[in-house]
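Chemist: Position chain U relative to chain S; hints supplied.
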Amino acid sequence: MNESATGSGAHLRQINRTDRLKAWSRHHRQLFRSTLITLLNQPGALLITWLVIGIALSLPILLSLALREISEADTRQVIQPAMSVYLSVPSESETAQALLKRLRASSAVGEVRLITEQAALAEFSSLAGFGDVLNAFSENPLPGIIEVVPRERDGAGIKLLAQQIAGQDGVDQVSFDAAWLERLSAILGILERVLYALGVLFSGAVILIIGNTLRLTIENQRGEIEITKLFGGSDSFVQRPFIYRGFWLGFGGALLAFFIIQSSLLYLSGPVERLAQSYRSNFALEALNFGESIGLFALGALLGILGSWVSVWRYLKQIQPK
Amino acid sequence: MLVFDHVSKRYPNGYDALSDVSFTVEAGAFVFLTGPSGAGKSTLLKMINGVERSSRGQVHVAGQNISRLPARKIPGLRQGIGVVFQNHQLLFDRRVYDNVALPLFIAGMKPAEIGRRVRAALSKVGLTGREGDWPETLSGGEQQRVGIARAVVHRPPILLADEPTGNLDPDLSREIMSLFLQFSQLGVTVLIATHDLELVESMPARRLQLQDGRIRAE
Numbered sequence: 000m001n002e003s004a005t006g007s008g009a010h011l012r013q014i015n016r017t018d019r020l021k022a023w024s025r026h027h028r029q030l031f032r033s034t035l036i037t038l039l040n041q042p043g044a045l046l047i048t049w050l051v052i053g054i055a056l057s058l059p060i061l062l063s064l065a066l067r068e069i070s071e072a073d074t075r076q077v078i079q080p081a082m083s084v085y086l087s088v089p090s091e092s093e094t095a096q097a098l099l100k101r102l103r104a105s106s107a108v109g110e111v112r113l114i115t116e117q118a119a120l121a122e123f124s125s126l127a128g129f130g131d132v133l134n135a136f137s138e139n140p141l142p143g144i145i146e147v148v149p150r151e152r153d154g155a156g157i158k159l160l161a162q163q164i165a166g167q168d169g170v171d172q173v174s175f176d177a178a179w180l181e182r183l184s185a186i187l188g189i190l191e192r193v194l195y196a197l198g199v200l201f202s203g204a205v206i207l208i209i210g211n212t213l214r215l216t217i218e219n220q221r222g223e224i225e226i227t228k229l230f231g232g233s234d235s236f237v238q239r240p241f242i243y244r245g246f247w248l249g250f251g252g253a254l255l256a257f258f259i260i261q262s263s264l265l266y267l268s269g270p271v272e273r274l275a276q277s278y279r280s281n282f283a284l285e286a287l288n289f290g291e292s293i294g295l296f297a298l299g300a301l302l303g304i305l306g307s308w309v310s311v312w313r314y315l316k317q318i319q320p321k
Numbered sequence: 000m001l002v003f004d005h006v007s008k009r010y011p012n013g014y015d016a017l018s019d020v021s022f023t024v025e026a027g028a029f030v031f032l033t034g035p036s037g038a039g040k041s042t043l044l045k046m047i048n049g050v051e052r053s054s055r056g057q058v059h060v061a062g063q064n065i066s067r068l069p070a071r072k073i074p075g076l077r078q079g080i081g082v083v084f085q086n087h088q089l090l091f092d093r094r095v096y097d098n099v100a101l102p103l104f105i106a107g108m109k110p111a112e113i114g115r116r117v118r119a120a121l122s123k124v125g126l127t128g129r130e131g132d133w134p135e136t137l138s139g140g141e142q143q144r145v146g147i148a149r150a151v152v153h154r155p156p157i158l159l160a161d162e163p164t165g166n167l168d169p170d171l172s173r174e175i176m177s178l179f180l181q182f183s184q185l186g187v188t189v190l191i192a193t194h195d196l197e198l199v200e201s202m203p204a205r206r207l208q209l210q211d212g213r214i215r216a217e
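If you read the sequences in order, they're chains S and U.
Here numbering that gives the first Met the number 0 is used: position 210 in the first sequence is 209, and no number is missing along the way.
Here numbering that gives the first Met the number 0 is used: position 19 in the second sequence is 18, and no number is missing along the way.
Chain S with its partners taken away, still in its complex shape:
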């Protein structure tokens, strides 16, 4: 018996580390191509899987694009949260002029515009039907108004500014639509959370779809897997083709998601612009830029690999030659 002479024995032969690394990278290169070719051999099934993944990826992304545009758009322009400061003193008075100066100097204030009593009267009487009402007064009943556009967009911040201004000399009262703004930012906050939840759910769905598709493939290839293991294919060797399949499924799905997103935006852009114009806003849905598109493809590929990994590994381990 020459067991000691053969050293580590039934090992095929001593392969050095460099050769093993070369073989490993060769296997990866081969699989990168061959798994795609195998998938493309069943174009119908592949297209359906890609579409399902594409739709699942595009929904949360479309929503997040819309949300981003809403929160980034110039909300002041959209909803005009300018506050009206009604003066208790004549607008030519020193108190009013001092107030005007302070407001212009304040960092919390964007624009300031004085509407004098005469200007207010002129504007008011130009509105049909009010001319007669004003004639009933012997003198101008309207106060001077300072219109203030706050820099702050946040509802609570604007409210604070309004309270500050209301406490100043010469101010009768301050009016603005605070509730609207507060509600909007609250709604945006909720939408953002809903979106995160949706993103997680849809990503999970993509992982499950890919895992399930691959499980079916494995079931069809059970015989091949058993033979491969019987001839010394390791678990990771057997798993590798499925990782690449997962990659292609996710990547192709992301590619379809890209087209779904861009064409949806194109389809929506006309009506959205008209709506925005009615608010005198330049709000517009912007398409995915280059970086975001790359991010989308990477996300798809990553979910594919993840889906393959989590669902296939245990399953492949269970398949053993008999």
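Hints were generated in silico from the structure; no laboratory data involved.
Built from N, CA and C at the ideal position, the CB exists for glycine as well.
You may find that some hints are simply not true.
Unchecked claim - Below 16 Å or equal to it, Euclidean Cα-Cα: the simulated EDC-like pairs (lysine to aspartate or glutamate) are:
| id | chain 1 | residue 1 | chain 2 | residue 2 |
| --- | --- | --- | --- | --- |
| 1 | S | 21 | U | 112 |
| 2 | U | 45 | U | 161 |
| 3 | U | 109 | S | 18 |
Said to hold, decoys possible - Stretch by stretch, here's where chain S covers chain U in the computed footprint (C-beta under 8 Å, at least three residues):
| id | stretch |
| --- | --- |
| 4 | 76-88 |
| 5 | 96-110 |
Said to hold, decoys possible - Per label pair, the in silico range of CB-to-CB distance:
| id | chain 1 | residue 1 | chain 2 | residue 2 | range |
| --- | --- | --- | --- | --- | --- |
| 6 | S | 46 | U | 27 | 50 to 60 Å |
| 7 | S | 17 | U | 200 | 47 to 57 Å |
| 8 | S | 18 | U | 185 | 22 to 32 Å |
Modeler: Below, chain U alone, put in the same frame as chain S:
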């Protein structure tokens, strides 16, 4: 090359497939494993390539105690063992070439080297030029020879065959057996499980006779 040291195998359902089996096979030997079906021949072969584990006793393959081999080392063990099956277990959605190339592909060989080796193995079993055929277009004997080519293409030190002639007529069986004999003359340790006693007796080889999971005679 192979040492069984008081090996027993009891399946989870309580069935004793092997009881206290001990024997030694030298490197390059040619050994028949005989006995009626259910005697434990297949189980014994499966313990050599780590498909089954012994319940008691030790199995040594090429100096390695495989009863204690961790799972991650099983692939390495199997890469050094060629296997031939009764139903040859070819992949029918792959051409002859890809079937034979499988062990080389697993070993990570270069494509050019794989081509050379596959053609050499096919010519050795008398199937030169058939690498592009689909297995289902081959006769039973040819399919079995493809299975043998696949089992020896990576030049394993050990060759296991489980009823390799089970479905073949006597002439073909003799042909296949003489192929195995040639491999053992090249230094390969060959272990063949069969119940074809007529064939066994016609060949100059050692016999291990199994019955009810025990070795009855040598």
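Chemist: Is it true that the CA of residue 45(U) sits at most 16 Å from the CA of residue 161(U)?
Modeler: holds (10 Å)
Chemist: Kindly confirm whether 22 to 32 Å is satisfied by the beta carbon distance between residue 18(S) and residue 185(U).
Modeler: holds (24 Å)
Chemist: Is the listed coverage of the stretch 96-110 of chain U by chain S valid when you require three or more residues with a beta carbon under 8 Å from a beta carbon of that chain?
Modeler: holds (count 7)
Chemist: That 50 to 60 Å hint for residue 46(S) and residue 27(U) (C-beta), does it hold up?
Modeler: Taking Cβ atoms as reference, residue 46(S) and residue 27(U) lie about 56 Å apart, which means the hint holds.
Chemist: Taken at face value, is the distance from the CA of residue 18(S) to the CA of residue 109(U) at most 16 Å?
Modeler: Answer holds: residue 109(U) to residue 18(S) is near 10 Å, not above 16 Å.
Chemist: Check, residue by residue, whether the stretch 76-88 of chain U contains three or more positions whose beta-carbon lies closer than 8 Å to a beta-carbon of chain S, and give the verdict.
Modeler: Result for this restraint: holds, n = 7.
Chemist: Starting from residue 21(S), check that the Cα of residue 112(U) is at most 16 Å away, please.
Modeler: holds (14 Å)
Chemist: Range hint 47 to 57 Å: satisfied by the CB atoms of residue 17(S) and residue 200(U)?
Modeler: holds (51 Å)
The earlier numbered hints are all upheld by this structure, with none contradicted.
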